[in-house]
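Colleague: As a plain string of letters, each chain reads:
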Amino acid sequence: MSFGLLKIAAALAALGLFVSACDRGASRAPEWTEAEVTTLKSLWLESLPDLPDDPSNAVANNAIAAEFGRKLFLDARLSANGGVSCSTCHQVARRFTDGLRKARALGLSDRNTPSIVGSQYSPWQYWDGRRDSQWAQALAPLENAHEHGTSRAQVVDTVFGDTDYRMTYEALFGPLQNPAGSSNVELNIAFANIGKSIAAFERTIMPTTSRFDEYVAALVRGNADAQREILNADEKAGLRLFISKANCTQCHNGPLLTNHEFHNTGVLNFPGDVPDKARAGGVREVFGSEFNCRSIYSDDSAGHCPELDFARTGIELIGATKTPSLRNLEHTAPFMHKGQLPSIADVLDHYNKAPDAMIGHNEAEPLGLNTAELQQLEAFLTTLTAPVSELGVEL
Amino acid sequence: MISRRAVLYCQLISLFTVLFSGDVSAHGGVVEEDDLCVIKVNYLRAHFKVYQPGALGHEQYCEDLPMATESVFVMEYLHDSLSEMPIDFRIIRDVTGKGRFARMEDIDLIDDIDSATVFYRAPVVEPDIYLVNYQFTEEGDFIGIVSARHPDTGKVYAAVFPFEVGFTGLGYWPFFIGMLMLIQFQYLFMSGRLKRWFGKEVAVAACFVLGLLLSPVSFAENLVVTYTTSDGDPEINKMHDWIVHIENDDGLEIEDAIVDVEGGMPEHNHGLPTKPLITAELGGGDYKLEGMRFHMSGYWEIIVSITTDNGSSKVTIPLQL
Numbered sequence: 001m002s003f004g005l006l007k008i009a010a011a012l013a014a015l016g017l018f019v020s021a022c023d024r025g026a027s028r029a030p031e032w033t034e035a036e037v038t039t040l041k042s043l044w045l046e047s048l049p050d051l052p053d054d055p056s057n058a059v060a061n062n063a064i065a066a067e068f069g070r071k072l073f074l075d076a077r078l079s080a081n082g083g084v085s086c087s088t089c090h091q092v093a094r095r096f097t098d099g100l101r102k103a104r105a106l107g108l109s110d111r112n113t114p115s116i117v118g119s120q121y122s123p124w125q126y127w128d129g130r131r132d133s134q135w136a137q138a139l140a141p142l143e144n145a146h147e148h149g150t151s152r153a154q155v156v157d158t159v160f161g162d163t164d165y166r167m168t169y170e171a172l173f174g175p176l177q178n179p180a181g182s183s184n185v186e187l188n189i190a191f192a193n194i195g196k197s198i199a200a201f202e203r204t205i206m207p208t209t210s211r212f213d214e215y216v217a218a219l220v221r222g223n224a225d226a227q228r229e230i231l232n233a234d235e236k237a238g239l240r241l242f243i244s245k246a247n248c249t250q251c252h253n254g255p256l257l258t259n260h261e262f263h264n265t266g267v268l269n270f271p272g273d274v275p276d277k278a279r280a281g282g283v284r285e286v287f288g289s290e291f292n293c294r295s296i297y298s299d300d301s302a303g304h305c306p307e308l309d310f311a312r313t314g315i316e317l318i319g320a321t322k323t324p325s326l327r328n329l330e331h332t333a334p335f336m337h338k339g340q341l342p343s344i345a346d347v348l349d350h351y352n353k354a355p356d357a358m359i360g361h362n363e364a365e366p367l368g369l370n371t372a373e374l375q376q377l378e379a380f381l382t383t384l385t386a387p388v389s390e391l392g393v394e395l
Numbered sequence: 001m002i003s004r005r006a007v008l009y010c011q012l013i014s015l016f017t018v019l020f021s022g023d024v025s026a027h028g029g030v031v032e033e034d035d036l037c038v039i040k041v042n043y044l045r046a047h048f049k050v051y052q053p054g055a056l057g058h059e060q061y062c063e064d065l066p067m068a069t070e071s072v073f074v075m076e077y078l079h080d081s082l083s084e085m086p087i088d089f090r091i092i093r094d095v096t097g098k099g100r101f102a103r104m105e106d107i108d109l110i111d112d113i114d115s116a117t118v119f120y121r122a123p124v125v126e127p128d129i130y131l132v133n134y135q136f137t138e139e140g141d142f143i144g145i146v147s148a149r150h151p152d153t154g155k156v157y158a159a160v161f162p163f164e165v166g167f168t169g170l171g172y173w174p175f176f177i178g179m180l181m182l183i184q185f186q187y188l189f190m191s192g193r194l195k196r197w198f199g200k201e202v203a204v205a206a207c208f209v210l211g212l213l214l215s216p217v218s219f220a221e222n223l224v225v226t227y228t229t230s231d232g233d234p235e236i237n238k239m240h241d242w243i244v245h246i247e248n249d250d251g252l253e254i255e256d257a258i259v260d261v262e263g264g265m266p267e268h269n270h271g272l273p274t275k276p277l278i279t280a281e282l283g284g285g286d287y288k289l290e291g292m293r294f295h296m297s298g299y300w301e302i303i304v305s306i307t308t309d310n311g312s313s314k315v316t317i318p319l320q321l
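Line order of the protein sequences matches chains A and B. Each residue of the first sequence is one higher than the last, beginning at 1 in my numbering. Each residue of the second sequence is one higher than the last, beginning at 1 in my numbering.
What the hints contain is simulated information worked out from the structure, not anything from laboratory work. All C-beta atoms, glycine included, are put in the ideal place defined by N, C-alpha and C. There's no promise every hint is true.
[Claimed, not checked] Derived pair list, reagent style SDA-like, types lysine to any residue, alpha-carbon separation capped at 20 Å:
#1 Lys-238(B) <-> Pro-306(A)
#2 Lys-275(B) <-> Val-259(B)
#3 Lys-155(B) <-> Leu-188(B)
#4 Lys-238(B) <-> Thr-163(A)
#5 Lys-238(B) <-> Thr-168(A)
#6 Lys-71(A) <-> Thr-168(A)
[Unchecked claim] To be clear about the criterion: a stretch of chain A counts as covered by chain B if any three or more of its residues have a C-beta under 8 Å from a C-beta of chain B, and this derived list gives those stretches:
#7 65-71
#8 207-217
#9 243-253
#10 271-281
#11 303-310
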């Protein structure tokens, strides 16, 4: 910068100070318009509706089942080598993720470990939605050779052979038969019940208040001082971008900052893998899943399965993955379905460019944000973190 | 006067002419058509593209590849049959000596195809899209061979496409030629030269006839479609039902119609997250529509297709959420 330019800059800065000093006396325009406040409130944790019922799981809201599920969640005996539990990949300190690109347990799995926080609100589980309930999801890793690598007979046998587990199981579900003498259906019922207990625990893993939520609370109360203290100028600018020209809320909407739906955003393949067909395969799999909503293992006697009845299929789902929640984002790196992008900045850069998808069609459009705006967005995204201690989970 | 619509149709027609005028650079089974790279497995076609994502990110290639590195071959079917056929994919070093002009006959003459093969994927039915990831370890001339077996007749269709690895190909010059042709055609049309050469009636009539062929034709009466939900405006991310009411512009309620509902966000090129269905006809022109859900705010269009004895028509309901 030349000396002349410096002088001009100094003059402008002085003018700015003068204007802002004058401004303090005058009545200020509200920081957010009414429409913006409505949007902010829609993203606020206070707007989270009550936990939806899961009629397919009779013990979904049962506290004993939840405690049983918590023990099962942590139990490494539910694996081929006695060394893998659900919490191997879903680590509480990392907000139920593992910090790896792809999950690693007995082997390397196909995708990035998604968080559990908020998943009780989603009609679909997994990046590709290949399961339609938390309990059906909880069963799949147990039998996956790269994850727990065990079998339903071994899982039921572990519960059968543990006096404490067996008593709890029988109090919840009735007599448990020795899996060695069980028919396939009996074995599947017991296996499904174990999944339903794990799901009862997972349903208690609720999102908790972040700085962003405190900010909206202050805004709603009209507490201007608190608003200034809670979010700094960059974070607020980032929030403004988030709900306006960065288009984030088109998919990351609602209090969980996800629409629970599937979108192709043109992320590159994982090195060595073919590009992930994602939902196109997942929707096919969920229809064939032996533990889906229509199966005999669902507890819903009405057999009401609107998600399956109205599920979309077709080629527009090629490469579409489920929108993840943005809550606790800064503790859930790396990002995207195969952990392709290491940092929040990389993700923002990707959406800013919105490149053509390798397969299917990238739904996102280039944003044209400058570096400062990208940094503001990143600053805002770190305000969505809630302390681990408040997750309400003792592991 | 020639309407703007006629001009638009003419532009479209000329674009299509360019698109499908054929094998500007035809060889083997992969053809660059405008900016679309197409593999022809006999009469079956697929959009063909190759990426070198590790080295070159989102850049896509039609045949020749710049580097010997991880390469992802993508075939997006343009013909539904391919999604039901077992397809195999082979890459061989070019031992035919024919280079760019290698054909299936040349491949058939190779004594030991296995020793020339650097990559082979056994036949598999891929219902959505066909994908291969191969790590090239050396530069040179290669030939790709894709074959698909018809599930009913057992007939095998094949495409052969010679390509170089380690060579920056000719890129998109056919695309630019196409664009030049389009501009030239437009100029001839707008300047009236086309009219002078062929006569006004012929030029305009040709455009309109072709334009009509490209436009959705409906001979049904004008229908008015309205909807109600139980809780006012649709809420985002919540599955809900609609009552769809159909009447004609004289206010006559339309009953016994076959009604289909589709929709999406035209600005985002995607449809509804669900596949809603008409589950009951309630009488008085009312139809129950279940399974509606919107997963994004913004501009949506719901397209209601109505078929009655009088014909078919489509009515678009715009929605700003």
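Colleague: Now look at each hint and say whether the structure bears it out.
Modeller: Hints, one by one, checked against the model:
no.: 1; hint: Lys-238(B) <-> Pro-306(A); in the structure: 12 Å, holds
no.: 2; hint: Lys-275(B) <-> Val-259(B); in the structure: 13 Å, holds
no.: 3; hint: Lys-155(B) <-> Leu-188(B); in the structure: 46 Å, violated
no.: 4; hint: Lys-238(B) <-> Thr-163(A); in the structure: 43 Å, violated
no.: 5; hint: Lys-238(B) <-> Thr-168(A); in the structure: 36 Å, violated
no.: 6; hint: Lys-71(A) <-> Thr-168(A); in the structure: 11 Å, holds
no.: 7; hint: 65-71; in the structure: violated (count 0)
no.: 8; hint: 207-217; in the structure: violated (count 0)
no.: 9; hint: 243-253; in the structure: holds (count 4)
no.: 10; hint: 271-281; in the structure: holds (count 8)
no.: 11; hint: 303-310; in the structure: holds (count 4)
Comparing the model with each numbered hint stated earlier shows that hints 3, 4, 5, 7, 8 do not hold.
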